[in-house]
Amino acid sequence: MNANTELLKALSVFFEQYSQEQQSRLRLTLIAELQRMRLELEQYESSDSIEGLKHQFTGIARYLELKDMLSVMDVCEREQFEYQLCSLLKAVMDYANEL
Amino acid sequence: MNILIIDDQRFIRETMKADIHKYLAEDNVEIYEASNGNQGIELILAVEAKLDLVILDLKMDQGDGIAVINMLASEPRFTAIPIAVISSSDKRTLELVDSIITGLKLNLLGVFAKPINVNDILTPLLDASDDRNLAHQHESIVQDMAANINVRQLLKNEQLILCYQPKINLKTKEIIGFEVLSRLCDQSNGYIYPDVFLPLVNQQGLNSLFSRMVISQALQCWSRQPLLMAFALSINITADDLTCDELIEYIIECGREYKQIHLILELTESQEIINQDRVLNSIARLIINNIDISLDDFGKSYSTYDRLDAIPFKEIKIDKSFVSDMDINHQHYLIVESTIALAQKMHVKVVAEGVETSAIELILSELGCDVAQGYLYSPPIEGRYLIDWIAQYNRSA
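So the protein sequences, as listed, match chains A and B. Using the working numbering, the first residue of the first sequence is number 1, and each one after it goes up by one. Using the working numbering, the first residue of the second sequence is number 1001, and each one after it goes up by one.
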């Protein structure tokens, strides 16, 4: 199972707890939040601290129970964090497109 | 029901709203949202005291969770609003916030690590109304009882009942002594416990009279039974008592009269040391006259180490709040472990209070604690049953 498939599985477990209407609202909110975080990250200078964004991302990853992402969050540098953020954003968009 | 969610992450607010609606129908609940502490404060002021629950994140730009907590504590009309703190912060930070909110006497439902299970918040919230009623009833009963108690009269009528809780040597499991715990007996109210009568004793300026009666009665109980002479007799004393020269004279006199009894005075930690020089002077006099001093409730007060440095205590008693859950609370385990290590290095005997289970007894033994006291061995025993209890304990040991 590749990383994206695992993410899709975790997303499906999370969203399916809710009604269709709630799922739709949560999906749109999650995509908007992750896009905002990616944009903020892009605007950061290389010397800026990304701890605030990492804290926000950790909050989301905990709700989605993404254990692999959480395990690297304490130690990951900017590039790795950007990779995790983009992976999750792509997975949520793929999940939304599959519906 | 009106609920306010203050969290800077929209996704988390949406998730919580969806979770709340799993348990409460949309028609029955109005959910307000704020994306930072400042916005949350504005909303609280706008909705006034009509909020049934505030779910509060800690780490937010533009007004963090602590700012909201401080605002709620500053206005009496907001202190009753139930608060659930949610955060991704580490466990120790959550514990610190918990103690801050408890200290501010706010209505804290709990401090929860994200992701939270909304049911964990809603269940205590719905139960809390029942608990609040019960707590209110208890408070009224205590107040009514206090209003009807004539402490002076009860002391005059010798209605002071002393109970004794055993202290057990953890290595040999032998009884080494007993701590005296007092009760007042009133015809209409039955047993009255210290949490009710001690504030009245204090208010009426009867502290030294009361301590004198306790000391006198306990020593008489010991001197009447030769079997009890083998055990140390520990009596609580406050810093306030130590400022009364007549009481100190009386204790020293008693020490001389009852030479065979090993008397230990347990200085309670929670009381402020009033007039430090005078207190130290009294302690020095007691020690010179062969009366041991024990530092009670160790760890409860900020001045603990000051006192340990200034006073040659014979023993320290670790407060039960650290001992009773040390098998499941790692912080408490570390505090007890380091206190025992410190006591060993200072050659001071260490007593663990609040020992309620064999599991805790075993941990304390492994850490090298000298003495244990608590319900595992016995609740406080009335003087008239003491000899029977000792015989029974010795048989079973």
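For the record, the hints were derived by calculation from the structure and aren't laboratory data. Quick caveat, the model's predicted, so the values are computed rather than measured. Take these hints with a grain of salt, some might be off.
Which bits of chain A does chain B cover? Going by a derived footprint, with three or more residues having C-beta under 8 Å, they are [stated by the list, open to error]:
1) 38-50
2) 59-71
Okay, derived cross-link-like pairs now, PhoX-like style, lysine-lysine, Cα gap no bigger than 20 Å in a straight line [claimed, not checked]:
3) B/K1050 <-> B/K1105
4) B/K1173 <-> B/K1059
5) A/K54 <-> B/K1091
6) A/K9 <-> A/K90
7) B/K1022 <-> B/K1059
8) B/K1314 <-> B/K1345
9) B/K1059 <-> A/K54
10) B/K1314 <-> A/K67
11) B/K1300 <-> B/K1320
We put the beta carbon where it would ideally sit given N, CA and C, even for glycine.
- prompt: Looking back at the hints listed earlier, which ones does the structure fail to meet?
  reply: 1, 4, 7 and 10
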